Amino acid sequence: MKNLAAYLKRNPTLGIGMGMLLFLLLFSTVGRLFINPDDAYTQTMEVNQPPSAKHPLGTESQGRDLLTMMIIGTSKTLLVGAIAGGIGLALGVVLGFVSGYYGGVLDTVITSIVDIFMTIPAFLILIIIASALKGVTLGVTSMGLIVAMISWPGPARAIRAQVLSMRERPFVMMAKLSGMNSLEIIMKELVPNLLPFLVMSLSTSVYGGIMASLGLEAIGIGSRREPTMGMTLFYVQYYSGFLLGLWWWIISPVIIIVMTLTSLVLTSIGLDEIANPRVRSKV
Amino acid sequence: MRAQYVIRRVLFLFLVIWTAASINFFLPRISGRNPIKEQLGMQIATQGRKGDDAKLMEVRLMSLFGLDKPLWQQYLIYMGNVLRLKFGYSINNYPRQVSTIIIQRGRMTLPFIAVAIVISFLIGIFFGAFLGWNKTPKWVSTVFVPPMLVFSSVPQFLVALVLIYFVAFRAQLAPMGGAYDRTLTENFMSLTFWGSYWRHAMLPILSIIIVEASGWALGMRAMMVTVEGEDFATFAEAKGLKTKRIFTRYLMRNAMLPSITSLALRLGFIITGAAIAETYFQYNGLGNTLGTAITQFDYFLIYGIVIIMVMSIALVTFIIDMIYPLLDPRISYVKQRG
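Those protein sequences? They're chains A and B, same order as listed. Going letter by letter, the first sequence gives residues 1 to 283 in the numbering used here. Going letter by letter, the second sequence gives residues 1 to 338 in the numbering used here.
Hints were generated in silico from the structure; no laboratory data involved. It is possible that some hints are incorrect.
[Unchecked claim] To spell it out: a stretch of chain A is covered by chain B in this simulated footprint if at least three of its residues, at any positions, have a beta carbon under 8 Å from a beta carbon of chain B; those stretches are: (1) 2-10; (2) 113-121; (3) 203-215; (4) 219-227; (5) 247-259.
Treat the numbers as computed from the prediction; the structure is a model and nothing was measured. Even glycine gets a Cβ: it sits at the ideal position worked out from N, Cα and C.
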């Protein structure tokens, strides 16, 4: 514990990022104890109420309590990101390792596919997927799964580059000479050495997943019922929240989103400092 | 520049468009929805479209896409249509063609996005170089880097939302939305129209600049620090060159190369981001049309816009790839290793 504190003092970026993330998690878990989750759905409150003792963050045009929406929505938005980022990273790890370690034709094919999918904006693919599936109810899980389908090219490319540089190191040579097979080398030598990098990639992928889901929800692709951050902003526009001057309706989701995204980016930068000692103290 | 490199990039350009078009073709068919029937049924029910009219429309769309033929023939017809930029009719605005709508809306979007990308890239490059320069006082970075980190990590539409509220609604310094004054007609020959256009484009452009310039400035700053550590930078200083020359010719020129690569990679993100932001500005451009098409499930319009966006992004990426060797002569473009 003392070591951790000492380390975070040297790497404040990581500390701030993780701290913010922890705060958001606490906000959405501990916060639940003080509210009635139904208030995020019921639509029975008075509409467009400014913040008051009864509604600390006010209510919106559908008669939902904003504080409740924020508490429930934060965890839902994080969940979408975690599902999308986790699966996207897993796919990226497999592709990156196969392509980087084995090389050859497989590498050429995978690299080309990754390059193509990095040029086609993920958001546009998501639109096609989501509109092709319109019959399916788009809940939090399915949103995460859909976003996961486009979350692999970035990690795949980054991990491939890392594996390439790692492959030529002496300790991999040693392992090869001592008769380990490729799978063993990957699992016992490469993965442990790349672990900090993989954790950083996870943070980046979760960030990417949340960005993608926010974009989709902001134009109305998403669960109309769930109080996720993106849908909240969609309804601000849908009910012309600006024209009515409902600042409390805009400010809360904006703050939560900024905190979520910033915390993930800071965590990535902080972890990068561990994973990539060369950038140490330059950031 | 070698011919081989150019050929590879052209091939890549077509591969990107082909992949996007194929996704467009196969995904909806896997889902088994029939958007034409679905939409027409709804239109007959809610908007009083006549049965005969709908029948005629269905026949036209069917023949245009050859939907009664086997799948592989459909695919060939579809690819032919994509190459000739024929995207069929908008279901909701029948009989308007998708390509006409794209041109009409696209010309509202294109000028402001192009201007925004160029401005934010230039600001990002120069400001980032200034921040990373070892002769810049330390406090400048301390003041500017944290907010830039936040701006570069949020989506454009979020910045747009805040700008709309504070700048347009509260301070009333800019129009709340729309692409031009309602009293004007869309006339690209008239100066008053352009004036109104740019006044309305101000906030969308600003929202792109805030997000993108921050990102590029941060990247540029990091690169400057790396380049400053290189031997040639020390050598240039030792030679006693003028500071200005070292800054522009030695440091900036080398540090900006990764930024140009990331410009190519970021393009898609900027354009789709602006498309989302457009819906918040109720800006009558391509992005807003895409948003409306999605909510109305105007199938052909969605796919037409998606393909056009992919095509233009792939094309600009291609152009950047062609310019790149001119900026970095070290790149020989023989077959890359690894």
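Hints the structure fails to honour: 1
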